[in-house]
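Undergrad: In case you want the letters, here they are:
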Amino acid sequence: MPIKSLDELKKIRDEHMKKVELRETGQVEGDITEILVGMATCGIAAGARETLSAILDEIEAKGLKNVRVVQVGCMGYCHSEPTVQVNKPGQEPVLYGKIMGENIKELFDKHIQGNELLDDHILIKTFEKA
Amino acid sequence: MAKIRSHIMVCGGTGCVASRSEELIDALKSELVSVGYDQEIKVVKTGCFGFCGQGPIIKVHPDNVFYVKVMPEDAKEIVNEHIVKGRTIERLLFEDPEAKVKQDKHSQMNFYKKQYRIALRNCGTINPEDINEYIAFRGYEALGNVLTEMTPEDVILKVKQAGLRGRGGGGFPTGLKWELTYKEKNDEKYIICNADEGDPGAFMDRSILEGDPHSVIEAMAIGGYAIGANKGIIYIRAEYPLAIKRLEIAIGQARETGLIGDDIFGTGFDFDLDIRLGAGAFVCGEETALIHSVEGSRGEPTKKPPYPSVSGYKEKPTCVCNVETYANICPIILNGPEWFSSIGTEKSKGTKVFALAGKVNNVGLVEVPMGTTLREIIYDIGGGIFDDKEFKAVQTGGPSGGVITVADLDTPIDYESLKGIGSMMGSGGMIVMDEDDDMVKISKFYLEFTQEESCGKCTPCRVGTRRLFEMLEKITDGEATIDDLDNMEQLCYMIKDTALCGLGQTAPNPILSTLKYFNSEYMDYVTGKKKTKYSIDEDKCIGCTACVRKCPVDCISGEVKKPHVIDEEACIACGACYDVCKFDAVLKP
Numbered sequence: 008m009p010i011k012s013l014d015e016l017k018k019i020r021d022e023h024m025k026k027v028e029l030r031e032t033g034q035v036e037g038d039i040t041e042i043l044v045g046m047a048t049c050g051i052a053a054g055a056r057e058t059l060s061a062i063l064d065e066i067e068a069k070g071l072k073n074v075r076v077v078q079v080g081c082m083g084y085c086h087s088e089p090t091v092q093v094n095k096p097g098q099e100p101v102l103y104g105k106i107m108g109e110n111i112k113e114l115f116d117k118h119i120q121g122n123e124l125l126d127d128h129i130l131i132k133t134f135e136k137a
Numbered sequence: 058m059a060k061i062r063s064h065i066m067v068c069g070g071t072g073c074v075a076s077r078s079e080e081l082i083d084a085l086k087s088e089l090v091s092v093g094y095d096q097e098i099k100v101v102k103t104g105c106f107g108f109c110g111q112g113p114i115i116k117v118h119p120d121n122v123f124y125v126k127v128m129p130e131d132a133k134e135i136v137n138e139h140i141v142k143g144r145t146i147e148r149l150l151f152e153d154p155e156a157k158v159k160q161d162k163h164s165q166m167n168f169y170k171k172q173y174r175i176a177l178r179n180c181g182t183i184n185p186e187d188i189n190e191y192i193a194f195r196g197y198e199a200l201g202n203v204l205t206e207m208t209p210e211d212v213i214l215k216v217k218q219a220g221l222r223g224r225g226g227g228g229f230p231t232g233l234k235w236e237l238t239y240k241e242k243n244d245e246k247y248i249i250c251n252a253d254e255g256d257p258g259a260f261m262d263r264s265i266l267e268g269d270p271h272s273v274i275e276a277m278a279i280g281g282y283a284i285g286a287n288k289g290i291i292y293i294r295a296e297y298p299l300a301i302k303r304l305e306i307a308i309g310q311a312r313e314t315g316l317i318g319d320d321i322f323g324t325g326f327d328f329d330l331d332i333r334l335g336a337g338a339f340v341c342g343e344e345t346a347l348i349h350s351v352e353g354s355r356g357e358p359t360k361k362p363p364y365p366s367v368s369g370y371k372e373k374p375t376c377v378c379n380v381e382t383y384a385n386i387c388p389i390i391l392n393g394p395e396w397f398s399s400i401g402t403e404k405s406k407g408t409k410v411f412a413l414a415g416k417v418n419n420v421g422l423v424e425v426p427m428g429t430t431l432r433e434i435i436y437d438i439g440g441g442i443f444d445d446k447e448f449k450a451v452q453t454g455g456p457s458g459g460v461i462t463v464a465d466l467d468t469p470i471d472y473e474s475l476k477g478i479g480s481m482m483g484s485g486g487m488i489v490m491d492e493d494d495d496m497v498k499i500s501k502f503y504l505e506f507t508q509e510e511s512c513g514k515c516t517p518c519r520v521g522t523r524r525l526f527e528m529l530e531k532i533t534d535g536e537a538t539i540d541d542l543d544n545m546e547q548l549c550y551m552i553k554d555t556a557l558c559g560l561g562q563t564a565p566n567p568i569l570s571t572l573k574y575f576n577s578e579y580m581d582y583v584t585g586k587k588k589t590k591y592s593i594d595e596d597k598c599i600g601c602t603a604c605v606r607k608c609p610v611d612c613i614s615g616e617v618k619k620p621h622v623i624d625e626e627a628c629i630a631c632g633a634c635y636d637v638c639k640f641d642a643v644l645k646p
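Line by line, the protein sequences give chains A and B. Numbers 8 to 137, taken from my numbering, label the letters of the first sequence in order. Numbers 58 to 646, taken from my numbering, label the letters of the second sequence in order.
So that you can see chain B by itself, here it is in the shape it has in the complex (with noise of 0.2 Å):
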């Protein structure tokens, strides 16, 4: 077989395929075979480019030419005219909506160059503690676009238009929340940037703040401005030293050269900044609970309404809004509302910034448009799961959220589609767990996290995430019982049902979704089929002690060169016998 010397992309994606991409295929296929180039040129359908608003969408490698747009009936000029005669034909060509410009490398248009990375867009390729530099990358620009040439309404639409929805995890459209504090009347607002990151395993908004700590306050700047507020605060756990030191530079560089202060660009708004320290309390990420830090009180959550929007810090108007939602800001204002919502799918626009972690081979930061499969994150991305093992679930939205299986591996990624498997997209961390891990034990962990985080004042949270915790305590301890089991699921709905804030309704989550996925491991737990202490295989076992020697707690015993055992009554299942047998004597519980 002739050697194949080049590879038409089709996408293939639900958007493309809608828009005819299938047809399309045929139709190249059928034309390569009549030009007798079908042994040397392959057809392929690829998952979706992302870039459904200009499907159906193809790329020719290794030309690296792509087109959009493309008909059925265009599949002949294609094959004639690029493939035989190696001639790019124009007409297909992506047109640049700003410059006007056709296209021929998907890395020219802005589109690709900048779409996984929005709100990650200088991290990395700035120094974050010069301005200069910002500034060099189009920083404050829109800044003064707004302040010179926009009303507070006309900044409202275009974030409306684009299609923003806060990037915390609730999924809330920004540009209704900057309307709402808008619309209050009222001489003093606050607008107050949330980067109280609390999810086990998250890390974007702070490496945001240490990347790029100008796209915020440049962001808050703007909306200060659209509602109506000069006055902004950043609310930032104390664990985040790197974040604040550089959080600090950059708002003193930007009030030098008076990019924030009074009458900035000469308009006479008056905009400033403040850090406020947290204390790292996972409840203080709520809103309501967070502007009572800010002001002194306790983190404690308030009933809603009232909403922030009327009566927030100080009782007055307040906007808060995530880390990763003002770093959307600026390319909105910049590039227009028209091609933010151009990414993403129909009800969740944009990017997402995921930390992804856990048992993956390239645990790292990835923006990735919405829409985005989990498989395409985790064996595309993150290179496939660690060891060659075999992959078992994915827990996105921290100790809110779920897991996730495999057979929802190809659910593209949106707010509303991971509410409906049962998890939520939360803040952005994505933990990938290996055939290895305990789910119970992982809803555990998780339990045990939200218990020590409630802040006790409602009951259902504080009572019920204790009893939780200590359920699964005692279904590890190998002693609870069927009815345990049902108990534990009525106190989760009921916790869920009562709960004041997300932290309490959100908190049973992780055993819910769990116990939907994985109930065998459970009732292996309750039914004593589960093992939970290690073992010795007399057979395999040669008397070497080296397992003696290494045992913390001293419950192995036997004669030299006899077989061993291990005293579960004893054993703490370190694992240390089994890490350090040479001969597959030790048994995994």
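One chain only, chain A, in its complex shape (with noise of 0.2 Å):
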């Protein structure tokens, strides 16, 4: 559907505004989880995609339905890649490095379905990301 106006733009702005708020403010309407997988070059060469792939099976094999992952670009963390960002309604994103093989579970376990912080991963816990 082409857009053809600014007022239009602004619309499908503010549709889509609402998906991704919680990575901004932690305001969300409902409980959902989003997990942002960072998908670039550097990335994927560190084993991204199988992380990636290992999260995937994992929601699956658990069959949650509040979860959305997303792919993202660089995050710029690239000493510790593959890096994985959780965000949960009304807390601070937290940014963990080095996630791969058995942390995987572990996320999923304590962090995601928990609320515990797998302290050893963690790079960065802020909105302000720069």
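It is worth saying that the hints were derived from the structure and are not from the lab. None of the values given here were measured: they were computed from a predicted structure. Using N, Cα and C, we set each Cβ at its ideal position, and we do this for glycine too. A portion of the hints provided could be inaccurate.
If we take Cβ atoms under 10 Å as the criterion, some of the chain A residues that face chain B in the derived model are [as the list claims (entries may be wrong)]:
id	residue
1	11
2	12
3	25
4	45
5	47
6	80
7	81
8	83
9	86
10	120
11	124
12	126
13	129
Hints are included, so try docking the two chains, each in its own frame, into the full complex.
TA: Right, here's the structure in full:
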């Protein structure tokens, strides 16, 4: 559907704003958790593709309905790839580094289903990513 | 001593010092003494907050309150009101120029929230394969505003006022480049994006295209409108398959939604984009060579003038800008040129993305305001040198740049200052080296690269870089004399003066700067002081034979339980014996 005016653009923005609000402010309707996986060349080389598919498998195996996985670009922390960010409603986003293999299950058991953080893997925990 | 419960951070950057921050520090300290709080409140002088336009700046921890334009006369009020009574002082808070709201946390300020990440603002936050997520973060609003409310002159003026300079390395003012192309009368013009990132170790353009492809597409459409081009070309190296894939998806989505194509936003402006793949030749980063490559000819530079703005692609007026330059355009349109020019130094505005690599703990992609010092990047952001080794030098500007030593670590980075210390901004590769790195071999590495990448069109570059490389080989083989060093230096200047394009003119830079700062290392080679092969300490070797079994060229001999020897003629200096020895008996060259 072509966008023919600024107003139409704004309408689309407002619709999708709700989806990304979680990343900016932690404000979101309903109970949805977002998992951002850094899928740039550096991440993929370090195994982000395997991490991503393991995360998807885990969601399927556990039958989680309120988790959304988003592929994003380089987050800048190339030294700790693969990087995974977990955004939960009302909480500051947590960016983890070196998430692969066994850690993925731990990430689900502890952080996503429980509310415990994986202290050893935290890179930053803030809204102001810079 | 009482426990310190709060810190008052006062900016001690040059900008704030000039606006009396040192006096402010003294005033704060004496006010604290007079209220008897000097044992529990500490006044800290910090580096530049990067917000010099509002200086002097202070920040109170742990409340995280941020005051701007604080004068020494304000010290009393800050101590009495904020420190003693815990009340925030309204009048010293920063007021958002757009929203007119006072902000007490620096994290609320757009300036700080975004200052580090202008070009990388969406990387790692949005899904690059979903145009709607880009739109949600104000995507295509700048294009909409430009097309419906602004004339091409307005756009060019804004970019000029912002002070944006080319991020590919040269630092040519982008607004001026657009204006020159705009002024050419021709019904066919082109706008090109240079995504031929060639410096070894640099990957910021790739990251932008992989993480936020729409930001480049939108900016190219804006640029096209400004200069009068309806056709854009993205020239990208074929070695970046993921970036190409995401660009293709992004262009497809932008076409579907009508954000590029015919009659954009119903304004009658048409713009479309094409991707051209390059074979990854370093010289194709030079704009004339790039244009020839896009045309399907050999990627060789031609002399300027005529500049591409007069006669470029298909001999039509053409504007070539770098990926990162485009990534800065939309924020400038949306937030205004004043916002952009408030960041950075006097002559270099905005931020720069650096690919931090080498012997540093946190290798990664960093975006910092111009004027940040190398020390801040390497130690604060990069987390210091790997393995706690000693810092030796940092290489910026790739094969065209030079090394920067510890003496210049506190230089604020901008285009001019880096040139002044014998290096250059380049596209933003930053390679950190530690005490173990051999500077002669590093310049040899770069020369090997440039002599390979020389297109061969002009003799100084084709033959000269090859000769330089051979001279460096002679030096590292231990066969050179002092005369060779002099000849090499002379040849460097000759190439610089006579080569046709930037590749040749800058190729000798790695040699010249290492000759200047690490002359002793060259001398060690020339005078034979430099050992190039491994050897064994007879007193420490117990004859365990571990090294004998590891040596790939079988140059270690000796009886079991007796000291061994290395045949220096045959040794290839691989270091395998050094790594395997448990008794520290193997000596490094």
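Undergrad: Each hint should be assessed against the structure and marked as holding or not.
TA: How the hints compare with the structure:
1. 11: This hint holds: residue 11/A lies near chain B, its Cβ roughly 5 Å from the closest one there, short of 10 Å.
2. 12: Constraint on residue 12/A satisfied, holds at 6 Å.
3. 25: holds, 8 Å
4. 45: Because about 6 Å separates residue 45/A from the closest Cβ in chain B, which is inside the 10 Å limit, the hint holds.
5. 47: holds, 5 Å
6. 80: holds, 2 Å
7. 81: holds, 4 Å
8. 83: With a minimum Cβ separation of about 4 Å from chain B (threshold 10 Å), the hint on residue 83/A holds.
9. 86: holds, 4 Å
10. 120: violated, 24 Å
11. 124: violated, 19 Å
12. 126: violated, 18 Å
13. 129: Interface hint status for residue 129/A: violated (14 Å vs cutoff 10 Å).
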